[in-house]
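Q: Sequence:
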Amino acid sequence: MRLSKRLKTIADMADENYRVIDVGCDHAFLDIYLTMNGVECIAIDNKESVLKYSRKNIDEYGLSDKIKLLHNDGLENININSNDLIILAGLGTNTILNVIKNKDINQMIVQSNDDVYNLRLNLSNQGYKIIDEKIVYEKKYYVIMKWARGKVKYSQTQLKYGPLLLKEKSKDFVNYLEGRNQYLEELLNIIPNKFFMKKLNVLIEIHRIKAIFK
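The numbering of the sequence shown is this note's numbering, which starts it at 1449 and goes up by one.
Quick caveat, the hints were computed from the structure, so don't treat them as lab data. Everything numeric in this text was worked out from a predicted model, so none of it was measured. Keep in mind that a hint or two might mislead.
As the list claims (entries may be wrong) - Pairs of lysine-lysine, DSS-like flavour, derived with a Cα cap of 27 Å:
hint, residue 1, residue 2
1, LYS1658, LYS1646
2, LYS1551, LYS1495
3, LYS1504, LYS1514
4, LYS1615, LYS1642
5, LYS1619, LYS1453
6, LYS1619, LYS1646
7, LYS1599, LYS1588
8, LYS1495, LYS1453
9, LYS1608, LYS1588
10, LYS1456, LYS1516
11, LYS1453, LYS1500
12, LYS1601, LYS1587
13, LYS1577, LYS1615
14, LYS1456, LYS1588
15, LYS1514, LYS1601
16, LYS1504, LYS1549
17, LYS1599, LYS1453
18, LYS1456, LYS1658
19, LYS1587, LYS1619
20, LYS1588, LYS1619
21, LYS1514, LYS1588
22, LYS1587, LYS1549
23, LYS1588, LYS1617
24, LYS1662, LYS1617
25, LYS1617, LYS1642
26, LYS1456, LYS1587
27, LYS1615, LYS1456
28, LYS1617, LYS1587
29, LYS1617, LYS1577
30, LYS1453, LYS1601
31, LYS1615, LYS1551
32, LYS1658, LYS1615
As the list claims (entries may be wrong) - Distance ranges between label pairs, derived from CB positions:
hint, residue 1, residue 2, range
33, GLU1626, LYS1551, 33 to 39 Å
34, ARG1597, ASP1507, 34 to 40 Å
35, VAL1622, ASN1527, 40 to 46 Å
36, ASP1563, MET1645, 37 to 43 Å
37, SER1452, PHE1644, 40 to 46 Å
Each residue gets a CB set at the ideal place from its N, CA and C atoms; glycine is no exception.
Please take these sequences and the hints and turn them into a complete structure.
A: See the structure below:
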């Protein structure tokens, strides 16, 4: 089957030696693809209406006996093993943080729809480090991160833009930064001078981005 660029990037980060627990599985396309490539999957969603389409898709690929489909609220009452890879994609940062709260997780792949800075900050403060990180463009930019247990101190620039993205500087990442810089430059010009601190914060961010390209 053919996945979207976002889902294919997530799939490529998954290790076949791990069991995948996909929270917020949507239509289960990721789980179908991974199962067809030898990965054991548990697909979870808290909406029965979504799971109806998941079941239909799983049945169409003849995988109903291989993919465990659960109507569940996040990871509640789920027995997480040391070789489980948790996937949380297409959710908001607050939702992701609530799902993993007080859970013993060794590795996870996350893709938040908002506030990636706060996600990096919270996960790093909880004793996780980024071991893989990609940005893809598919009508909009998606940042996909793989985290594992480990202590790393990230700078403000790394928390904002990603430590591995800053190293790799892929085409999508460069395009994202250029678009971000253009937006900030335009914002700077329309903020009234009386809002000095707001203008200063925007200017600081512009200089932060320009420093990345040096």
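Q: None of the hints should be skipped; say for each whether it holds.
A: Comparing the hints with the structure gives:
no.	hint	verdict
1	LYS1658 x LYS1646	holds, 19 Å
2	LYS1551 x LYS1495	holds, 22 Å
3	LYS1504 x LYS1514	holds, 14 Å
4	LYS1615 x LYS1642	violated, 38 Å
5	LYS1619 x LYS1453	holds, 15 Å
6	LYS1619 x LYS1646	violated, 30 Å
7	LYS1599 x LYS1588	violated, 31 Å
8	LYS1495 x LYS1453	holds, 25 Å
9	LYS1608 x LYS1588	holds, 17 Å
10	LYS1456 x LYS1516	holds, 21 Å
11	LYS1453 x LYS1500	holds, 24 Å
12	LYS1601 x LYS1587	violated, 32 Å
13	LYS1577 x LYS1615	holds, 15 Å
14	LYS1456 x LYS1588	holds, 16 Å
15	LYS1514 x LYS1601	violated, 40 Å
16	LYS1504 x LYS1549	violated, 31 Å
17	LYS1599 x LYS1453	violated, 30 Å
18	LYS1456 x LYS1658	violated, 31 Å
19	LYS1587 x LYS1619	holds, 15 Å
20	LYS1588 x LYS1619	holds, 14 Å
21	LYS1514 x LYS1588	violated, 33 Å
22	LYS1587 x LYS1549	violated, 31 Å
23	LYS1588 x LYS1617	holds, 18 Å
24	LYS1662 x LYS1617	holds, 12 Å
25	LYS1617 x LYS1642	violated, 36 Å
26	LYS1456 x LYS1587	holds, 15 Å
27	LYS1615 x LYS1456	holds, 22 Å
28	LYS1617 x LYS1587	holds, 20 Å
29	LYS1617 x LYS1577	holds, 19 Å
30	LYS1453 x LYS1601	violated, 30 Å
31	LYS1615 x LYS1551	violated, 30 Å
32	LYS1658 x LYS1615	holds, 15 Å
33	GLU1626 x LYS1551: 33 to 39 Å	holds, 38 Å
34	ARG1597 x ASP1507: 34 to 40 Å	holds, 37 Å
35	VAL1622 x ASN1527: 40 to 46 Å	holds, 43 Å
36	ASP1563 x MET1645: 37 to 43 Å	violated, 21 Å
37	SER1452 x PHE1644: 40 to 46 Å	holds, 43 Å
Of the hints listed earlier, those the structure fails to meet are numbers 4, 6, 7, 12, 15, 16, 17, 18, 21, 22, 25, 30, 31, 36, in rising order.
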